[in-house]
Amino acid sequence: MMRIPRNCMLLLLATAFTVGADGSAYSAQSAPQIREADLSTIAFFVVFAVLTLLISFWAARRATSSSEYLTAGSSISSGQNGLAIAGDYMSAGAFLGLSGAIYASGLDGMFLAASYLASWPIVLFLVAEPLRRLGKYSFADVLTHKLRERPIRVLAGASTLVIVSFYLVAQMVGAGELISLLFGIGYGPAVIMVGLLMIVFSTLGGMRAATWVQIIKAVLMIGGSAMIATLVMIRFGFNVSDLFKTATSNHPGGNKIMDIRGFAQDAIATLSLGVGILFGTAGLPHILMRFFTVSDERAARVSVFYATCLIGSFFAMLFVIGYGSIALLRGDATYANASGALFGGNNLAPIHLARAVGGSILAGFISAVAFATILAVVSGLLIAGASSAANDLVVGLSGRQLDERMRLRISRIAAMALGVLGILLGLACEGQNVAYLLALATAIAASANFPLLLLAIYWDGLTTRGAVVGGTVGLVSSVVLTAMGPTIWSKVLGLGPAIFPYDSPALFTIPLTLLVCWLVSIAKAEPEEDWRLAQPAVAQYLE
Amino acid sequence: MRKTAEVVSSRLTAKRLGALRFRLAIAMIVSYLAMMAFVIHSARQATQTAVVTSDFSPAMIALASCMAFSIILTGLFVLMRHGD
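Read top to bottom, the protein sequences are chains C and U.
Sequence positions in the first sequence follow the numbering used here and run 1 to 543.
Sequence positions in the second sequence follow the numbering used here and run 1 to 84.
Be aware that a few hints might be false.
[What the hints assert, rightly or not] Have a look at the derived ranges for each label pair, beta carbon to beta carbon:
#1 U:Ile61 <-> C:Met416: 45 to 51 Å
#2 U:Ile72 <-> C:Gly496: 45 to 51 Å
#3 U:Ala68 <-> C:Pro501: 29 to 35 Å
#4 U:Ala68 <-> C:Leu39: 20 to 26 Å
#5 U:Ile61 <-> C:Asn239: 14 to 20 Å
#6 C:Pro189 <-> U:Gly75: 45 to 51 Å
#7 C:Ser249 <-> U:Ala37: 26 to 32 Å
#8 C:Gly331 <-> U:Phe56: 20 to 26 Å
#9 U:Ile61 <-> C:Leu54: 43 to 49 Å
#10 C:Ile268 <-> U:Leu76: 39 to 45 Å
#11 U:Ile72 <-> C:Gly494: 34 to 40 Å
#12 U:Ile72 <-> C:Ile42: 40 to 46 Å
#13 C:Pro511 <-> U:Ala27: 16 to 22 Å
#14 U:Leu33 <-> C:Phe238: 52 to 58 Å
Don't read these hints as lab results, they were simulated from the structure.
All C-beta atoms, glycine included, are put in the ideal place defined by N, C-alpha and C.
Please work from the sequences and hints to get the whole structure.
Structure, rendered in structure tokens:
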């Protein structure tokens, strides 16, 4: 039986947790061949940086209220929101990470793509519409419709800020490595440059600016990917068989790249990873925030449909790009060494492929799109964190409602503080493998946020005590089990064999959270005055 | 009177959709798990008998089917009458 090298499995798992994130999958093995930034790359980069700043100044003039700043006044159309949601998924992590995973080991990368796409119907069927109807600034709004406000907001604020911080650090490290490699500058200046742009952008423009940059980036990403995929297919006369023949003959795995290998080794680990992805999307704060930017439930529904179609098309193009990279780059000394490893790391496969099929202008364009991607996703994260800090943490801890001006001021300060924290942690974590932080974030989203949202929307027996105890158990168990898993326990901390055998604990922690919520809720009913279930908006979603 | 009827009708639609949401979510989860089971099974089979193919492999077709199913389910749900 063929054994998959452990390094290969780790690469795939790292990729799994970086889709929807940015650049963190990137492996910065700098090489002189790609150290020199092309003039076209720099030109496209300057154009995008100026464009994003102009958008943020335009949006800043409108961001005079907290609803405008945090949710773009709920005035984003379903088409625009669909593009923005798709943009969140067409990240540098997905683009570079999945193409790199296909280049390294074939079809395994597409297994992750299918898992992420399958998570969107779950979001649509279970949480998108209730979120739009019941929420205003954060998913905690939905929970507090029927549960006591203060403890729930503190719990939701804590889990949101933990998720956002983990994502932020991982992305800043990935962004620093990616930008320093693409533009030939040092890691420190790269992190500071991305961080400052991100702070200016988020603090001034808010959600409207983040949404528009995400839309522009999504269009550019789809256009760029379509261009590379079409040029690859032109090389093979639009004959898929020829593409596969060349790829299988170039790759040392031969025909094995046509099948799932790495993920077939351990069915429970794969199942746990899949379950985490399937339900994690419905608990990620920066994704859930997108449903507050549209006007009504219909727009929320339609935007998910647009997003699913766009993400599906994007993944289909990545499939061609991945196999095209194997067919055209492997064995070419311009891009890969004798063992087949690409200069700059396998995650540069689409950029090298763009250069191979479209020349340096296309490669420069794709590099600059990758940069815009980082900026857009990180800005969205800052807005989600700022919203939760102002509406959940401050309200939960102080116990008083904020007026418009105060909420806007706290949101902006929180966005700036999170941005500075991201820069400092990004600088401190130079050279560290921080992909596990994304594993933690996904596990927390799937194990703490999603079960609470599900029960709060669909089960009228959930009590505040049940939600707080269950949510805390979900948060702590997901963090502890991920830390005791092979990646953190053995690889990062070097503490010997892992105590918990799987990297993703979602298969165990999601049922655990649901069980604890149920047990605590039925063990002691809430006093009647604590319930505010009489609201028809909530009752509509109850069976 | 008319308003009451509208409210009752709207709540009935909501209840029907609530049940449907769960059924569709379960359909999606089952199809995803079926895809996962198939690709794992086919990969383990393929290690014993080497696959010789230059076209789409069964695993590719399974992945593509799951992805297409996600889009189709989403589209059908959006096209349904929601009463809002």
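Quick rundown of the hints versus the structure:
Range check, isoleucine 61 of chain U to methionine 416 of chain C: Cβ separation about 50 Å, and the 45 to 51 Å hint holds. The supplied range of 45 to 51 Å is met by isoleucine 72 of chain U and glycine 496 of chain C, whose beta-carbon atoms lie about 47 Å from each other. Taking 29 to 35 Å as the suggested C-beta distance range, the pair alanine 68 of chain U and proline 501 of chain C conforms, at roughly 34 Å. A C-beta distance of roughly 42 Å is found between alanine 68 of chain U and leucine 39 of chain C, which places it outside the suggested range of 20 to 26 Å.
Hint check: isoleucine 61 of chain U to asparagine 239 of chain C, Cβ distance near 18 Å, so the stated range 14 to 20 Å holds. For proline 189 of chain C and glycine 75 of chain U, the Cβ-Cβ distance of about 46 Å falls inside the hinted range of 45 to 51 Å, so the restraint holds. A C-beta distance of roughly 31 Å is found between serine 249 of chain C and alanine 37 of chain U, which places it inside the suggested range of 26 to 32 Å. Taking the beta carbon of each, glycine 331 of chain C and phenylalanine 56 of chain U are about 24 Å apart, inside 20 to 26 Å as hinted.
Checked against the hint of 43 to 49 Å, the pair isoleucine 61 of chain U and leucine 54 of chain C passes, with Cβ atoms roughly 46 Å apart. Distance hint for isoleucine 268 of chain C and leucine 76 of chain U: a CB-CB separation of about 32 Å, inconsistent with the stated range 39 to 45 Å. Hint check: isoleucine 72 of chain U to glycine 494 of chain C, Cβ distance near 47 Å, so the stated range 34 to 40 Å is violated. One distance hint, 40 to 46 Å for the beta-carbon pair isoleucine 72 of chain U and isoleucine 42 of chain C, holds here, with the actual separation near 43 Å.
About 20 Å separates the C-beta atoms of proline 511 of chain C and alanine 27 of chain U, a value consistent with the hinted range of 16 to 22 Å. Distance hint for leucine 33 of chain U and phenylalanine 238 of chain C: a CB-CB separation of about 34 Å, inconsistent with the stated range 52 to 58 Å.
This entry does not satisfy hints 4, 10, 11, 14, going by the numbered hints stated previously.
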